[in-house]
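S.K.: One-letter residues, chain by chain:
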Amino acid sequence: MKSREKILSRILEHQPESTALPFSPEIQGNETGSLQIFTEVLTKIGGHVYQPGNLNIMKDQIRGLFPGKSRKITTLSLFSDLADTGWTIQSPSELKDVEVAIIGAHFGVAENGALWITEDQMKQRVVPFICQHLVLLLEKKEILSDMKQAYSRIGDSTYGFGTFISGPSKTADIEQSLVLGAHGPKSLHVFLLD
Amino acid sequence: MNHSELARDFNKDEQRVDWHDETLFWIRNKRDKAAQAIPEWEQLRESASAIKDNVLSGLHNYLLEFESNALRNGIKIHWAQDAAEHNLIVHSILKASGIRQMIKSKSMLTEECGLNAYLEKRDIEVIDTDLGERIVQLAKEPPSHIVLPCIHKKKEEIGTLFHEHLGTRKGESDPLVLTAAARENLRAAFLSRRAALTGVNFAVAETGEFVVCTNEGNADMGAHLAQVHIASMGLEKIIPKRAHLGIFLRLLTRSATGQPITTYSSHFQKPREGQQMHLIIVDNGRSAQLGKPDFRNSLKCIRCGACMNTCPVYRRSGGHSYQHAIAGPIGAILAPNLDMEQHADLPFASTLCGSCTHVCPVKINIHEQLYKWRQEIVKKTGVPAAKEMSMKLMKNALSDPALYRLAGKTGRFLLKYAPFTINNHFNPWYQQREMPQAPETSFRSWYLKHQK
Amino acid sequence: MKVGLFVPCYVDQFYPGAAIASLQLLQKLGVDVHYPLNQTCCGQPMANSGFEHLTLGCNALFLKNFQAFDYIVSPSGSCVLHLKEHLEVPAAEQASLQMRHKIYELTEFLTDILKLEHLDASFPFRVGLHLGCHGQRGLGLAQMSEKVAPFFSKPLKLLNMIRDIQLVELDRPDECCGFGGTFCVAEEAVSVKMGKDRVADHQRQGADYITSTDMSCLMHLEGILKRNKSHIRVLHIAEILNHKDK
Numbered sequence: 001m002k003s004r005e006k007i008l009s010r011i012l013e014h015q016p017e018s019t020a021l022p023f024s025p026e027i028q029g030n031e032t033g034s035l036q037i038f039t040e041v042l043t044k045i046g047g048h049v050y051q052p053g054n055l056n057i058m059k060d061q062i063r064g065l066f067p068g069k070s071r072k073i074t075t076l077s078l079f080s081d082l083a084d085t086g087w088t089i090q091s092p093s094e095l096k097d098v099e100v101a102i103i104g105a106h107f108g109v110a111e112n113g114a115l116w117i118t119e120d121q122m123k124q125r126v127v128p129f130i131c132q133h134l135v136l137l138l139e140k141k142e143i144l145s146d147m148k149q150a151y152s153r154i155g156d157s158t159y160g161f162g163t164f165i166s167g168p169s170k171t172a173d174i175e176q177s178l179v180l181g182a183h184g185p186k187s188l189h190v191f192l193l194d
Numbered sequence: 001m002n003h004s005e006l007a008r009d010f011n012k013d014e015q016r017v018d019w020h021d022e023t024l025f026w027i028r029n030k031r032d033k034a035a036q037a038i039p040e041w042e043q044l045r046e047s048a049s050a051i052k053d054n055v056l057s058g059l060h061n062y063l064l065e066f067e068s069n070a071l072r073n074g075i076k077i078h079w080a081q082d083a084a085e086h087n088l089i090v091h092s093i094l095k096a097s098g099i100r101q102m103i104k105s106k107s108m109l110t111e112e113c114g115l116n117a118y119l120e121k122r123d124i125e126v127i128d129t130d131l132g133e134r135i136v137q138l139a140k141e142p143p144s145h146i147v148l149p150c151i152h153k154k155k156e157e158i159g160t161l162f163h164e165h166l167g168t169r170k171g172e173s174d175p176l177v178l179t180a181a182a183r184e185n186l187r188a189a190f191l192s193r194r195a196a197l198t199g200v201n202f203a204v205a206e207t208g209e210f211v212v213c214t215n216e217g218n219a220d221m222g223a224h225l226a227q228v229h230i231a232s233m234g235l236e237k238i239i240p241k242r243a244h245l246g247i248f249l250r251l252l253t254r255s256a257t258g259q260p261i262t263t264y265s266s267h268f269q270k271p272r273e274g275q276q277m278h279l280i281i282v283d284n285g286r287s288a289q290l291g292k293p294d295f296r297n298s299l300k301c302i303r304c305g306a307c308m309n310t311c312p313v314y315r316r317s318g319g320h321s322y323q324h325a326i327a328g329p330i331g332a333i334l335a336p337n338l339d340m341e342q343h344a345d346l347p348f349a350s351t352l353c354g355s356c357t358h359v360c361p362v363k364i365n366i367h368e369q370l371y372k373w374r375q376e377i378v379k380k381t382g383v384p385a386a387k388e389m390s391m392k393l394m395k396n397a398l399s400d401p402a403l404y405r406l407a408g409k410t411g412r413f414l415l416k417y418a419p420f421t422i423n424n425h426f427n428p429w430y431q432q433r434e435m436p437q438a439p440e441t442s443f444r445s446w447y448l449k450h451q452k
Numbered sequence: 001m002k003v004g005l006f007v008p009c010y011v012d013q014f015y016p017g018a019a020i021a022s023l024q025l026l027q028k029l030g031v032d033v034h035y036p037l038n039q040t041c042c043g044q045p046m047a048n049s050g051f052e053h054l055t056l057g058c059n060a061l062f063l064k065n066f067q068a069f070d071y072i073v074s075p076s077g078s079c080v081l082h083l084k085e086h087l088e089v090p091a092a093e094q095a096s097l098q099m100r101h102k103i104y105e106l107t108e109f110l111t112d113i114l115k116l117e118h119l120d121a122s123f124p125f126r127v128g129l130h131l132g133c134h135g136q137r138g139l140g141l142a143q144m145s146e147k148v149a150p151f152f153s154k155p156l157k158l159l160n161m162i163r164d165i166q167l168v169e170l171d172r173p174d175e176c177c178g179f180g181g182t183f184c185v186a187e188e189a190v191s192v193k194m195g196k197d198r199v200a201d202h203q204r205q206g207a208d209y210i211t212s213t214d215m216s217c218l219m220h221l222e223g224i225l226k227r228n229k230s231h232i233r234v235l236h237i238a239e240i241l242n243h244k245d246k
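Residue numbers (full-length UniProt numbering), protein chains in the order written: chain D, 1 to 194; chain G, 1 to 452; chain W, 1 to 246.
A couple of the hints might just be wrong.
Stated by the list, open to error - Which stretches of chain G does chain D cover? Using the computed rule of at least three CB atoms under 8 angstroms from a CB of chain D, they are:
id, region
1, 218-224
2, 242-249
As the list claims (entries may be wrong) - Below, a list of computed lysine to any residue pairs in the SDA-like style, where the Cα atoms sit at most 20 angstroms apart:
id, chain 1, residue 1, chain 2, residue 2
3, W, LYS244, W, ARG233
4, G, LYS452, W, GLU169
5, G, LYS300, G, SER49
6, D, LYS123, G, LEU191
7, D, LYS96, G, ALA181
8, G, LYS30, W, LEU170
9, G, LYS30, D, GLY53
10, G, LYS363, D, LEU21
11, G, LYS449, W, ASP32
12, G, LYS452, W, ARG233
13, G, LYS30, D, GLY46
14, G, LYS372, G, GLU341
15, D, LYS96, G, ARG187
16, G, LYS392, W, GLY57
To be verified - For each label pair, taking beta carbons as the anchor points, the in silico distance ranges come out as:
id, chain 1, residue 1, chain 2, residue 2, range
17, G, ALA96, D, THR19, 35 to 43 angstroms
18, W, ASN228, D, SER177, 28 to 36 angstroms
19, D, ASP84, G, GLU184, 22 to 30 angstroms
20, G, GLU14, D, THR19, 12 to 20 angstroms
21, G, LEU166, D, LEU76, 47 to 55 angstroms
22, G, LEU166, W, GLN143, 45 to 53 angstroms
23, W, HIS53, D, THR158, 55 to 63 angstroms
24, D, THR85, W, GLN143, 37 to 45 angstroms
25, G, GLU341, D, ASP120, 48 to 56 angstroms
26, G, LYS154, D, LEU76, 39 to 47 angstroms
27, G, GLU14, D, SER177, 20 to 28 angstroms
28, D, PRO67, G, SER192, 46 to 54 angstroms
29, D, THR158, G, ALA188, 30 to 38 angstroms
30, G, GLU120, D, THR19, 29 to 37 angstroms
Honestly, the hints are just simulated from the structure, not real lab data. In this text, a Cβ means the ideal position worked out from N, Cα and C, and glycines have one as well.
Starting from the given sequences, assemble the full structure and let the hints guide the process.
M.R.: So, in structure tokens, the structure goes:
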């Protein structure tokens, strides 16, 4: 017998009598989460939240944040005047010198400041992790209140890879001193647009 | 050395014990605040616990469901009966692609399996990328905590290690500077390694995807840059539905560090184009544990570490005193399942205060299992003859009122039989505590005189 | 209502004052309380060491001694919890399992059964309450800090009835003292460190007395206090609740 069969047969022999599953994922209403809580939570964990009013103000703010000539990439054609939209690569490590990445997010979650992003928004999975600074774009109306709503929104969609990002990369492994910028982005900027 | 002896060593530096205790208790307090902010916290724990009970009761079919969905997603599935088989599988995957260097994000399972040492013996270099794990790896020590691997280390000690291995300035101990040095050093590794191993926090049967949670982003940096991604998973990590993540992700990090969620909660559903994605389902004693009704629900553990942070014994004895990949209260009920004789000391390294059980986000009855392991250990592995004799003498006296009173008269029964009442320096009670003073009469004598 | 007083072995032997105060307090409140003379121990010292199988004789004796009572009251949360969870006599299974429901820790009996609202007692000192873990988390004498649930505390409710008492607030109101039965000698270093840290907390708050529903915790803390020549003293909660004006 192969290991798989041995393991499975031991489990079948040992598992207790079936117990009920308590929680059925009922479909939530379109209840929106609080913008204020989302902003507070995300700010507290080291993120920056902006409400620029319109796209041009947003672009000015991004230029102000990252004035240098370092490599900026985006997956949104909206920002072709700010960052490279035509980038193609053979290997993800070619993105090692990306200073700023500007990408979209599906929705945000008020209770924990997390934003849901899927592979199609990243183009390359490593983008939101390898850049030094990450800029995320979110529609204001796309803020949900909690993770239960988040998963009813995600539903049974297929994404290859998807991730919740909540703040900049961080560590507190040295004497519990919080340091932003462990291996991923050193800063996270979330722009909320109407 | 057993837990008690190692804990005695740890306590030789009292200031350090205070520092360790206060740091962990601070995290326990952060957990309390995060939990208090969720009014439905106790219902969440109840739901999480019930989902995990359901998982254990239907594990066979859930694993099959997960496997078929993951295969459809293009993930290669491997099954390992024990640590040795797990390590062999990792090695063969690397060998097949001619890879001699691998980076790894946090996986307590690979600690349990001793993977690093195994691969190093076969000339394969492994670099741990979680900062805390990297630090203990450089120090050639095991992690002392499942979430905070180097919680026992002071920044000056880390500074010395980094000076030696990463070339930071001598005497540098600023966490900002040290973290930046590690970032730069490990970035080079991320960019050059062709294989990355990660752990698994949750695997969803319904969708065949798995979720990995980190704050640093190291699992993602590894997995998305490497050509080969290997994920190692204990077979109990299955959850039935994707929507259940909505419960577990609310509980996990709040319980662990008091954060509302980890910075990254990454859902791996399919390999990247051109990438190999392997997932190893590991048993290593878990299916046997499933057959022990008193102990099976320790398999519900989601590895948040809350029981360690709250444990007054762990905080004052340090993770290494447990001599197991998983320390603290949960380690003390998991370890005897793997080798009861070797870990016979652990269930006794507790006052049974019960705090662990009540912080546990999946409601594992940890302190009750510690009690039950004690009974098992005494029955099955035997105890020192002297202890058994004193217990039997105690039994005889306590079952027989006349004998009990006679013993009491000849110098207070307990002064004779209780383990802490011999008034000399060989008695551990007396080393740092005064003896209770024997009063003139027992309560019974007083009662007979005054109330009868 | 006929009540049997169970006096744990170490209280009988070392701290008769706690048992005397418990008895007198119950009598003062008009309870028909009796002390069965052939009692010994709850069996916990053996069971917690992994020798539950040696407690059968103890259990049988307990059942015999207390069968005649409506309630069994004891000034020890730890012993009561052990009995409520483990009292079992194979030859009289039903009776022993039913008895578990009749066993009460003293402060729980005063609050839940006697529904005490007033007490004629005074204690003009600064007092810190040490919550024994078995009483608190096991019996639910007070809300634990681990849980997200409304606060309550049966021992505090009673102590607040005492005139002139000043209750101090602790930095860690429900951390274990480190006694833990044989843990106190098997894990001497950690046990003592835990005890020292508890003592230091009470000391920081300026307590004159440490009180508890469990004398075993207090015995351990007293050993540390005395060794360090501290002026803080320990008293079982019954001794405070039964304290009269001079």
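S.K.: For each hint, tell me whether it holds in the structure or not.
M.R.: Right, here's what the structure says about each hint:
no.	hint	in the structure
1	218-224	holds (count 5)
2	242-249	holds (count 7)
3	LYS244(W) / ARG233(W)	18 angstroms, holds
4	LYS452(G) / GLU169(W)	42 angstroms, violated
5	LYS300(G) / SER49(G)	7 angstroms, holds
6	LYS123(D) / LEU191(G)	18 angstroms, holds
7	LYS96(D) / ALA181(G)	17 angstroms, holds
8	LYS30(G) / LEU170(W)	18 angstroms, holds
9	LYS30(G) / GLY53(D)	36 angstroms, violated
10	LYS363(G) / LEU21(D)	16 angstroms, holds
11	LYS449(G) / ASP32(W)	19 angstroms, holds
12	LYS452(G) / ARG233(W)	31 angstroms, violated
13	LYS30(G) / GLY46(D)	17 angstroms, holds
14	LYS372(G) / GLU341(G)	15 angstroms, holds
15	LYS96(D) / ARG187(G)	9 angstroms, holds
16	LYS392(G) / GLY57(W)	11 angstroms, holds
17	ALA96(G) / THR19(D): 35 to 43 angstroms	41 angstroms, holds
18	ASN228(W) / SER177(D): 28 to 36 angstroms	34 angstroms, holds
19	ASP84(D) / GLU184(G): 22 to 30 angstroms	24 angstroms, holds
20	GLU14(G) / THR19(D): 12 to 20 angstroms	47 angstroms, violated
21	LEU166(G) / LEU76(D): 47 to 55 angstroms	38 angstroms, violated
22	LEU166(G) / GLN143(W): 45 to 53 angstroms	48 angstroms, holds
23	HIS53(W) / THR158(D): 55 to 63 angstroms	57 angstroms, holds
24	THR85(D) / GLN143(W): 37 to 45 angstroms	58 angstroms, violated
25	GLU341(G) / ASP120(D): 48 to 56 angstroms	54 angstroms, holds
26	LYS154(G) / LEU76(D): 39 to 47 angstroms	46 angstroms, holds
27	GLU14(G) / SER177(D): 20 to 28 angstroms	23 angstroms, holds
28	PRO67(D) / SER192(G): 46 to 54 angstroms	31 angstroms, violated
29	THR158(D) / ALA188(G): 30 to 38 angstroms	35 angstroms, holds
30	GLU120(G) / THR19(D): 29 to 37 angstroms	43 angstroms, violated
In summary, the numbered hints that this structure violates are 4, 9, 12, 20, 21, 24, 28, 30.
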